[in-house]
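Knowing the structure of chain A, use the given hints to seat chain B on it.
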Amino acid sequence: MAAVAAAMVLGTAGCTKSSSSGNSSSAGSSSSGSSSSSSGGGQQQVQTAAGGSGPACTSTKYGAPKLDLTKVTVGFSQSESTSNPFRATETKSITDEAKRLGIKLIQRNANANVSQQNTDIQDMISQGAKVLIVAPENSDGLTPALTAAKAKHIPVLTIDRTVKGTACSDFIGFIGSNFYKQAQISADDLAGGMGGKGEVAVLQGTSGNNVATDRTNGFTSQIKAKYPNIKVVASQTANFDQATGQKVMEQILQSHPKLTGVYAENDTMALGAIQAIRAAGKTPGKDIKVVAIDGTQQCVQDVANGVMVADVETNPRFGPLAFSSLQKFYGSTGTSTKVIIADHHFTKDNAKAALSNGDVY
Amino acid sequence: MTATLTSTKAEQPVGRRRWAGPVAKYAVYAGIVVLIVVNAVMSSTFLSLDNLRVQLYQAVPVLIVALGMALVIGTEGIDLSVGGVIALTSAVLPLYLGYGVWVAIALAILAGGVCGAISGSLVAFARVQPIVATLSLMIGLRGLAVIMNGATAKPINDSTLLNLGLTGWFGLPQMAYIGAGLVAVIAFVVRRTTLGRNLVAVGDNASASFLAGLPVRRILLSVYVISGMLAAVAGVLIAGHGAYADPANYGLNYELLAITAVVVGGTPLSGGQIRVIGTVAGTIFMQLVSATLIQNNVKNSYEQMIEAVIICIAVFIARESANR
Chain A
1 MAAVAAAMVL GTAGCTKSSS SGNSSSAGSS SSGSSSSSSG GGQQQVQTAA GGSGPACTST
61 KYGAPKLDLT KVTVGFSQSE STSNPFRATE TKSITDEAKR LGIKLIQRNA NANVSQQNTD
121 IQDMISQGAK VLIVAPENSD GLTPALTAAK AKHIPVLTID RTVKGTACSD FIGFIGSNFY
181 KQAQISADDL AGGMGGKGEV AVLQGTSGNN VATDRTNGFT SQIKAKYPNI KVVASQTANF
241 DQATGQKVME QILQSHPKLT GVYAENDTMA LGAIQAIRAA GKTPGKDIKV VAIDGTQQCV
301 QDVANGVMVA DVETNPRFGP LAFSSLQKFY GSTGTSTKVI IADHHFTKDN AKAALSNGDV
361 Y
Chain B
1 MTATLTSTKA EQPVGRRRWA GPVAKYAVYA GIVVLIVVNA VMSSTFLSLD NLRVQLYQAV
61 PVLIVALGMA LVIGTEGIDL SVGGVIALTS AVLPLYLGYG VWVAIALAIL AGGVCGAISG
121 SLVAFARVQP IVATLSLMIG LRGLAVIMNG ATAKPINDST LLNLGLTGWF GLPQMAYIGA
181 GLVAVIAFVV RRTTLGRNLV AVGDNASASF LAGLPVRRIL LSVYVISGML AAVAGVLIAG
241 HGAYADPANY GLNYELLAIT AVVVGGTPLS GGQIRVIGTV AGTIFMQLVS ATLIQNNVKN
301 SYEQMIEAVI ICIAVFIARE SANR
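First to last, the sequence lines map onto chains A and B.
Going by the numbering used here, 250 is the number at position 250 of the first sequence; the sequence numbering is gapless.
Going by the numbering used here, 114 is the number at position 114 of the second sequence; the sequence numbering is gapless.
Don't take each hint at face value.
Here chain A is said to cover these stretches of chain B; the calculated rule only asks that three of the stretch's residues, wherever they fall, bring their Cβ under 8 Å from a Cβ of chain A [said to hold, decoys possible]:
1. 93-103
2. 237-250
3. 284-297
If you're looking for bench data, these hints aren't it; they were derived computationally from the structure.
All C-beta atoms in this analysis are idealised placements derived from N, C-alpha and C, irrespective of residue type, glycine included.
In isolation and in its complexed conformation, chain A is listed as follows (with noise of 0.2 Å):
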């Protein structure tokens, strides 16, 4: 069945045409796109000078066997499906650097199922990696895996969202953005654009992971400490996924017809509340702002033609960084245990800049 399966695409793979009215971002973009990783013009920047917020981190402080990176294999645990942008430009750019500094990398995609992250992270310890990067699909699920890595004493570097337990003792550390400054923003935007009053719906990410936490929290709270005329009147979980968002958006409009405002908690849930917005016949960027957070392409493509109001970014592009530490990990002065990035932030003064120059993923 199985043959039948591969033999069809095969068959039709080779005469395949994308549309050609497809704008930029439709074929290839992944590749065009990402490989700026390399070349540094989406490099990830760290935001404190200093290279990190937390204390130092050493292999021999946590427990871990001194290393070379290079003589040993790199496992690398992604959370959810490359069919987000950001999910690919993370992939590639661990993968690229790995490559460019001989470092023999295996890797396991989860798609967006923790119990399989579990299972992921532990086949990679017995297929023999001696260090783990993990992009964590949930902050409480992964006990089970970080316990098996702990016992082994290979020391695990988690990435875009946290997990719960002790930094340099249950994990290295985390790099990531500060999620929490990232909503606020997004709060400043979206009341701007609505001039400081009306009614907004919060499409939330999937719960149970800082990520989403920290973006709702960030967000209410900016809302009610700055904006008095702003309210907040529906708020709902859209598991961070197109579809969905377009589902709760339409029948959110259809409850709240005074709606001005959306603030979609990542980018693809922002593609789905437009597209719900303009199936309830109105105009997203002038009956309804919305903003969001990520960064991707199409987004900056609609802060750019005015669909949007603004997109803060979410820098996907963690190889380098990642690398760097655990090879500070392993030196004398160790790595920080929390490295918060500098993200940029996509307005309609900058984001045509930003995505002619290669900046945007």
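Frame of chain A; chain B shown alone:
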């Protein structure tokens, strides 16, 4: 005396409850009426054309998948591969749009038919249990779709596709007319054609049908092919409505949504019976449940629990009314 006794017995087999039959038939319609009344009282905008349109956009793709599912369930089968077919559709469409939108749509529906033929052959010729045959496709097709698509999800810019998903005629979405047409076709097939009668017979008793000379294998094969093609049609509409093609997420849980609609609509999972209009009602009912909860800002975890309870009740009623 004896004769009377036997006949009473025949009318009321052990475990069967008198109320169950009519309840199974009409509960879903009553549920629809209750939900509409409750919503109309709670919200002034619920009974608007805008709201109807939104509910249709979300319900029609589920309905189209559920129609195929109803046929498969009628043969005492199940088709878990429909979500995978939708994913495959969203991978095929952007690849072939360059040849023209109708070519791309035709290829997508053809691919759905091929998937149905694979699961149908497994069921009909290799005698693999339907749940196993279609489960393997459910997993495999999504993987295949993600590989075919390449790294990231793609935007869809073709105006014909977008119109299918976004515009309408006389105030109703284009896809509503497509859905209504397909309901009419499937209802006709079930009630008026040999295939319709045969597939119910196969669902009732496959070995008796075989002994009676019915082409059981061909019937099973065609049912899965139809289900695959209908799922692909739904996939085209979903992609048009989303203006996006995301094989990793499109069609997720559609097999469950479709099975729920069929079961809530009163079609027994034990086969031998198909309720086309009941399936329409089941789809509308589940859509109204979801709309009611989201529009009133109920947390999505509660929504999942409430839907689970509804499924349990529906299966319980259907079981009680099945007189076998």
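Comparing the hints with the structure gives:
1. 93-103: holds (count 6)
2. 237-250: The restraint on the region 237-250 of chain B holds, since 10 of its residues have a Cβ under 8 Å from chain A and three suffice.
3. 284-297: Three-residue rule met by the region 284-297 of chain B, so holds; n is 6.
Comparing the model with each numbered hint stated earlier shows that all of them hold.
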